[in-house]
Amino acid sequence: MKYKSHKIAMNFFTFAVLLFLVQVIIGLVAAVQFIKPDFFFFAFNISRTLHINALVVWLLCGLMGATYYVVPEESGRELWSIPLAQFQFWATVVTVLVVVVGYIIMGLFPQANITVFGTLLLNEGREYIEAPRWADIMIAVSAILFLINNAMTMFKSKKITGIMGTLLGGMLFLTLMYLPGMFYTSSMVKDQYWWWWVVHLWVEGAWEVIAGALLAFMLMKLTNAPRQMLEKWMYIEVALVLFTGMLGIGHHYYWIGTPNYWLWVGGIFSSLEPIPLLVMVWDALRVTKDTRSTTNKLGLFLATAHAIFNFLGAGLWGVIHTLPSVNKWTHGTQITTAHGHLAFYGAYVLLIIAMVYITVPEMRGVKEYRMSRGYRSFWWQTVSMIMIVFIITGAGMVQTYMERLLGLDYVTVKNNFNTWFWIWRAVFGVTYIIGVCMFVYDFFKIGKEPVTATLSESKA
Amino acid sequence: MGNKGVRNLFVFGSFLCFVVLVILTVNTFSQLDSRAPKITEEVDLGKQLWHKYDCIGCHTIFGNGSYFAPDMTKITEKVPKSYLKKFLVNPRKVNPSAAMPVLGITDDEADKLIAFLEWTSKVDTNGWPPKPVLGSKASGGGTGNVAYEKNNCSSCHIIDGVGGTSGPDITHVALRHPDPQWHRKHLDNPASITPDSAMPPYAQLSDDEKNQLIDFLLTLK
Ligand code: HEM
Ligand code: HEM
Ligand SMILES: [Fe+2]
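So the sequences go chain by chain: A and B.
According to numbering that gives the first Met the number 0, the stretch in the first sequence is residues 0 to 459, in order.
According to numbering that gives the first Met the number 0, the stretch in the second sequence is residues 0 to 220, in order.
Any given hint could be a false lead.
[To be verified] DSSO-like cross-link-like pairs, simulated, lysine-lysine; straight-line CA separation at most 30 Å:
(1) B:Lys-73 with A:Lys-327
(2) A:Lys-189 with B:Lys-130
(3) B:Lys-84 with B:Lys-184
Please keep in mind that the hints were generated in silico from the structure rather than gathered at the bench.
Same shape as in the complex, but just chain A (with noise of 0.2 Å):
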């Protein structure tokens, strides 16, 4: 290892891909749970928020493992304090752990989520954030301790870079952004209101702002192309996230109880938040087919494919449910659900996964690895996805059709017309998991295996 620092990135990993394996596993329950709903020794609700509540917080230690390889890389020097850093590691996976626990006790007995000082004690029942307030102002100082750690060592090398001053400036928005979802409000309309703004400006605003810094990283170590155009194209891509999806946030204030000029600035706004993805796209392709300077071609493959799939899940399967006309029909159905999936999966779920098969190897301080189990993994994983993603959006249409435009019962659809989508969303559950056991199976093993593979082994 160059910098002793990376050890926390290593840790960071660690965390988030054993996590992410627990999130399919319960996914896979809960997708179970819609065709036998008491299978389980906790109900659907249970599973759902534990399935969401680890992808996000895998999602969010991927990310600082993320920063904490790309800053000392690129300020050239260790953090501005290990130990410290250490300590926000433990203190995240402690308060986790406690977390989880804590949905698991109110799975066996729901009257267990009293309230204390003012707040529930176990889950706070909102959707994504069910995190009770102790825990949230936990996760809030963690990202301060994460946020002051590298803010230090970024001034303390003058050396900003605009990918580390992206990354970071990302990072602290997306902490700011947890902020509104930490008080409550006694109108279900202002407490709606408020959790999107955690939720869109998160994944459609902060997270994508930091996916278009790592994408410019990336393709920086793995190609010839100069700093300079790579960091123009980022401020570009980056700058129309935020332009189109700041006030994109109006996609989801059609119907809970806003004004309708909503309809206007949503339908327009989130509409044109496919092109910076487009970009993104183009700018992945342009560089590596220019520039390619890589033996890494399993990095370079999974960061083209991130910037793929983020246009395909969130651009595309986001855009067609996103104007008021469609959405009036389609809104909380399982499109909502298939969009949610491949946005995702191709955006952050595919963007940890590339920063791991560029990182790691280096931490481990090797210059080849063996990549055919990594390639194996991400074709089950990919094709396993896009299976689910078909297979829901199907049912998301029979659901439209039966319930929203018939006026079928949702039990009946549910029931009686839609099970064989969800009996093949479980199977592809399951060869979806088998893709995940690859990819931390493989974690563990990069570079410490002996390279065999040949080229045409690696295509397998």
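Following the hints, position chain B with the ligands against chain A.
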């Protein structure tokens, strides 16, 4: 434009967008209270219970949440409150095949939750959820029977795959209950036949309408 220029465009442009969002937020908040009924203490307590039991982990409200269970925004317009109360306290007693678990909700908590759901049903949601455009037949129950459709029996009962699942499927109810007197008694006061029945009584209907319903129910074989 050089890199500095693009960077400044990014930083200041984004900041400007954020400012516009804040301005729209202030404007929106100045209108919200007039688009919804007043929030009483009971509504607020009901909302807190909504969070306590993590209803959002299965249901959507205003279309946001989880897609495992029906949307709750206008549920109080769909089924009577007497039914809702019984269902919330013990879904499996009302409907043995219910997927919703028994959460341990008390009578008092159920009242508060219903007050909260009554509030959301009155919020101006710009016309969402939309009326089914193709569905006049299916949503009326698709039976062609005037009394059955007028009294909205199909919001709780299924006949030939069409209708709601709050009550039992009655496609073949005449096989189970061939006696017209049984149906008359049941309609007048369901609880006199099924103890603690969650079906609302229909004693207020005219004899004519009751007969029409019963004749129709007896055709369901
Ligand atoms: C990486 C970026 C993105 C991610 C991770 C993402 C994820 C999600 C998720 C998880 C939801 C469901 C939230 C809930 O549970 O209520 C959602 C909703 C939605 N997203 Fe995205 N999204 C992304 C980008 C986009 C883009 C670029 C667009 C539009 C062009 C878009 C359009 C929508 C719309 C319209 C909804 C509301 C669906 C409904 O009415 O039910 N998303 N998104
Ligand atoms: C990397 C892979 C995955 C990601 C990124 C992911 C992400 C998500 C997200 C964002 C949601 C919330 C959906 C929404 O609110 O719209 C969700 C829900 C869900 N996921 Fe996944 N998931 C993944 C893998 C899986 C797998 C393998 C399964 C199992 C088959 C699964 C089953 C489910 C189920 C059943 C739900 C609940 C959907 C609903 O409420 O209708 N997920 N997942
Ligand atoms: Fe959004």
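Quiz item: Can the restraint linking Lys-84 of chain B and Lys-184 of chain B be considered satisfied, given a maximum Cα separation of 30 Å?
Solution: With Cα atoms ~23 Å apart, Lys-84 of chain B and Lys-184 of chain B stay inside 30 Å; holds.
Quiz item: Does Lys-327 of chain A lie within 30 Å of Lys-73 of chain B when you go C-alpha to C-alpha?
Solution: This hinted pair holds, its Cα atoms lying about 15 Å apart.
Quiz prompt | Straight-line alpha-carbon gap Lys-189 of chain A to Lys-130 of chain B, limit 30 Å | solution = With Cα atoms ~25 Å apart, Lys-189 of chain A and Lys-130 of chain B stay inside 30 Å; holds.
Every hint from the earlier list agrees with this structure, and none is contradicted.
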